[in-house]
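The listed protein sequences derive, respectively, from chains A and B. Quick note on numbering: numbering that gives the first Met the number 0 labels position 106 of the first sequence as 105, and the sequence is numbered without any gaps. Quick note on numbering: numbering that gives the first Met the number 0 labels position 141 of the second sequence as 140, and the sequence is numbered without any gaps.
Since the hints were derived computationally from the structure, they do not count as laboratory data. Note that the coordinates shown come from a computational prediction; the quantities given were computed from them, not determined experimentally. Take these hints with a grain of salt, some might be off.
[What the hints assert, rightly or not] Label pairs and their calculated CB-CB ranges: (1) B:225 - A:406: 29 to 39 angstroms; (2) B:34 - A:12: 17 to 27 angstroms; (3) A:290 - B:163: 53 to 63 angstroms; (4) A:12 - B:225: 51 to 61 angstroms; (5) A:20 - B:119: 25 to 35 angstroms; (6) B:183 - A:12: 30 to 40 angstroms; (7) A:309 - B:43: 40 to 50 angstroms; (8) B:119 - A:279: 51 to 61 angstroms; (9) A:15 - B:225: 54 to 64 angstroms; (10) A:309 - B:225: 14 to 24 angstroms; (11) B:124 - A:290: 49 to 59 angstroms; (12) B:34 - A:406: 42 to 52 angstroms; (13) A:12 - B:31: 27 to 37 angstroms.
Using N, Cα and C, we set each Cβ at its ideal position, and we do this for glycine too.
One letter stands for each residue in the lines below.
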Amino acid sequence: MIDNILLAFSSLFANKMRALLTMLGIIIGIGAVIAIVTLGDSLTGSITDSMNSMGASNITVSLQQKSSDDAGALMFGRTDPGAEDLITPTMIEEYRTQFGDKIRAIALSRQLGNGEVSSGENTATVSITGVNTDYQTLDGPTMLSGRFVRDEDGERMVAVVSDVFVESVFPNSQNVLGESFDVTVGNAVMRFFIAGVYEYEENGFISMDNSDPVTTVYIPVETARRLLSESEGYESLTIMGASGEDSTALMEQTESFFASYYTHNDSYTIAASSLESMLSTMTEMLDTVKLAVAAIAAISLLVGGIGVMNIMLVSITERTREIGVRKALGARNLDIRIQFITESVVICLVGGVFGIALGVGLGALGASLVGTPAKPSIAAIGMAAGFSMAIGVFFGYYPANKAAKLDPIEALRYE
Amino acid sequence: MSSPMIEMHGIVKTYYQGKPNELEILHGIDLVVNRGEFVSIVGESGSGKSTLMNLIGALDRPTKGSYLLDGVDVSNAADRQLSDIRNRKIGFVFQNFNLIGRANAQKNVELPMLYAGFPARERSRRAKQLLEMVGMDQRSKHLPAELSGGQKQRVAIARALSCDAPLLLADEPTGALDTATSRTVMDLFHKLHREQGKTIVLITHSPQLAAETQRVITLIDGNIVGEEKGAAYHD
Chain A
0 MIDNILLAFS SLFANKMRAL LTMLGIIIGI GAVIAIVTLG DSLTGSITDS
50 MNSMGASNIT VSLQQKSSDD AGALMFGRTD PGAEDLITPT MIEEYRTQFG
100 DKIRAIALSR QLGNGEVSSG ENTATVSITG VNTDYQTLDG PTMLSGRFVR
150 DEDGERMVAV VSDVFVESVF PNSQNVLGES FDVTVGNAVM RFFIAGVYEY
200 EENGFISMDN SDPVTTVYIP VETARRLLSE SEGYESLTIM GASGEDSTAL
250 MEQTESFFAS YYTHNDSYTI AASSLESMLS TMTEMLDTVK LAVAAIAAIS
300 LLVGGIGVMN IMLVSITERT REIGVRKALG ARNLDIRIQF ITESVVICLV
350 GGVFGIALGV GLGALGASLV GTPAKPSIAA IGMAAGFSMA IGVFFGYYPA
400 NKAAKLDPIE ALRYE
Chain B
0 MSSPMIEMHG IVKTYYQGKP NELEILHGID LVVNRGEFVS IVGESGSGKS
50 TLMNLIGALD RPTKGSYLLD GVDVSNAADR QLSDIRNRKI GFVFQNFNLI
100 GRANAQKNVE LPMLYAGFPA RERSRRAKQL LEMVGMDQRS KHLPAELSGG
150 QKQRVAIARA LSCDAPLLLA DEPTGALDTA TSRTVMDLFH KLHREQGKTI
200 VLITHSPQLA AETQRVITLI DGNIVGEEKG AAYHD
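Isolated chain A (complex conformation) (with noise of 0.2 angstroms):
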């Protein structure tokens, strides 16, 4: 066998252009194949590392309008989810009851808007938003001092400042719990007292430039529904697994129990999604883009494939004389076949190295324009090598099989 494999890399390098050429098809092939597997990997591991930061698990339940009011929709616009369409507090507790040991956190959220705080001479523009205690377990800030918000402060004026937010508004004091500061929205003025401070991050997505930072006040959900005049009940919750809890069996459970309570409700229905499952949708869609290419690959690979037994042809046509020497010295038809199929397999083997080499390149080259870590698959390089084989052997056989059965005088006598 060894002796097969050097005879075969000898007559490789005997003919070096022409193997170059013959392998070129081979060597596209895999290249194709590898480079597409290796940006794939690499865009697919990118964003599940990101997503995985942002808690991929979690799950958003939120209305959705029912699609066989979508004409209507077209029509008359997007109708606003009215009071009896809301998620109400009661359903949530049902669900906390049922699925209790199952979730860590459910967390409620109520934007009331930008306002302006003024002190002095200073001025910030903070978001208020009104939150849950669970909040903080799900997407809440680090606490620096005070607390966070509490289910019992009910609808007290408190709230929860950003350190940032301190430092402008309060740049002297250097204990800010319990002041109070005004803030101004829309028209109205409202007075808070601020129970707790915590750190602010950086928003990674949305650069800020130099000019201040518009930071979040934190109060109390109920809070922020009186001050809105809204009725009981939410557009949207988001809830955080237990940890361990597999969470796309929870997404569709949680989906179908919210949903039961809108199976008499015409315009409104229930969706749950998480970016888990979001994300799952996009790997699913890169898969069928690399199938695709891959199918591509698979006919530039035939193509080299047949190159490949099309050169063998001629090798043997040119090794005619050769082959009638070794039968007369006594090889067999099974060793001439060996030989010529481990031909084919080493051109194409190294072709498929080759392509390798080349696909590893130019998808690392591809991920670090689009800047992710390039992560070459082991799998596909393993299937690749394989695959390579497998097209010697093929594209191999029937032209060894010719050379096997040459008839030994008819050989010795070619010219």
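With chain A's structure known, arrange chain B on it following the hints.
Here is chain B on its own, set in the frame of chain A:
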């Protein structure tokens, strides 16, 4: 040592059998070559010389008749058996040497042993030994293209001996060589015959070379027309 090396009876070889252009080349050859004999087969081109050589060399099967080589029936052997017979029983020496161009002298000598399944170390050892015997040990790493005709033929003879085949079958071995080189090659055959007791069948159209052998068999139009003692043969 009882049975002859070659025992042919009523050998007929027909090409294109059953077709309109059917052609009978050999018309019933009876030929016996004893062990240790050095015989020559002479004949004009078209006399069936090559066809007979192919049959003796187990490259082909006769259409009719029986052929025992070293006691083994060749006339009914399968392809695989023919390969083994060629490998183990026959050492071929061709007019145009037929060395493998990409392999050096030693690798060429090793080739039959490779097909016989000798281990690598044994192949290498024996190849070196044989190259030394034919006086080519200094050139063992040279490619055939780097060797002269006489040197190539000596490598080819070493290759023919590599599996220790009892029969050497030489087809015009000096046909492509000048007189002086031909002499060295013929001397090598005589030496192998004398010292190693090889049975040698020499196919040639040269009466001078044929006369050096023990027995000259003349072939005309597919029949053996005469046998005589080699006039110039001496022990």
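(request) Please test the hint of 27 to 37 angstroms on the beta carbon pair from residue 12 of chain A and residue 31 of chain B. (result) Because 49 angstroms falls outside the window, the suggested range is violated.
(request) For residue 15 of chain A and residue 225 of chain B, compare the CB-CB distance with the range 54 to 64 angstroms and indicate the outcome. (result) Holds - the Cβ-Cβ distance for residue 15 of chain A and residue 225 of chain B, about 56 angstroms, lies within 54 to 64 angstroms.
(request) Evaluate the given range 25 to 35 angstroms for the C-beta pair formed by residue 20 of chain A and residue 119 of chain B. (result) Since the Cβ atoms of residue 20 of chain A and residue 119 of chain B sit about 34 angstroms apart, the hinted range of 25 to 35 angstroms holds.
(request) Kindly confirm whether 51 to 61 angstroms is satisfied by the beta carbon distance between residue 119 of chain B and residue 279 of chain A. (result) Since residue 119 of chain B and residue 279 of chain A have Cβ atoms about 56 angstroms apart, the given range 51 to 61 angstroms holds.
(message) Given a hint of 49 to 59 angstroms, does the C-beta separation of residue 124 of chain B and residue 290 of chain A actually sit inside it?
(response) Given range 49 to 59 angstroms: holds, Cβ gap about 56 angstroms.
(request) Mind checking the hinted window 17 to 27 angstroms against the Cβ distance between residue 34 of chain B and residue 12 of chain A? (result) With a Cβ separation near 45 angstroms, residue 34 of chain B and residue 12 of chain A fall outside 17 to 27 angstroms, so the hint is violated.
(message) Taking the Cβ atom of residue 225 of chain B and the Cβ atom of residue 406 of chain A, is their distance within the range 29 to 39 angstroms?
(response) Taking Cβ atoms as reference, residue 225 of chain B and residue 406 of chain A lie about 32 angstroms apart, which means the hint holds.
(message) Tell me if the beta carbons of residue 309 of chain A and residue 43 of chain B are separated by a distance inside 40 to 50 angstroms.
(response) The hint (40 to 50 angstroms, Cβ to Cβ) holds, given that residue 309 of chain A and residue 43 of chain B are roughly 43 angstroms apart.
(request) Please test the hint of 30 to 40 angstroms on the beta carbon pair from residue 183 of chain B and residue 12 of chain A. (result) Holds, since residue 183 of chain B and residue 12 of chain A (Cβ atoms, about 34 angstroms apart) stay within the stated range.
(message) A range of 53 to 63 angstroms was offered for this pair. Does it hold for the Cβ distance of residue 290 of chain A and residue 163 of chain B?
(response) With Cβ atoms ~60 angstroms apart, the hint holds.
(request) Could you tell me whether the CB distance from residue 34 of chain B to residue 406 of chain A stays inside 42 to 52 angstroms? (result) violated, 30 angstroms
(request) Confirm or reject the claim that residue 12 of chain A and residue 225 of chain B have a C-beta distance inside 51 to 61 angstroms. (result) Holds - the Cβ-Cβ distance for residue 12 of chain A and residue 225 of chain B, about 53 angstroms, lies within 51 to 61 angstroms.
Consistency note: the structure conflicts with the earlier hints numbered 2, 10, 12, 13.
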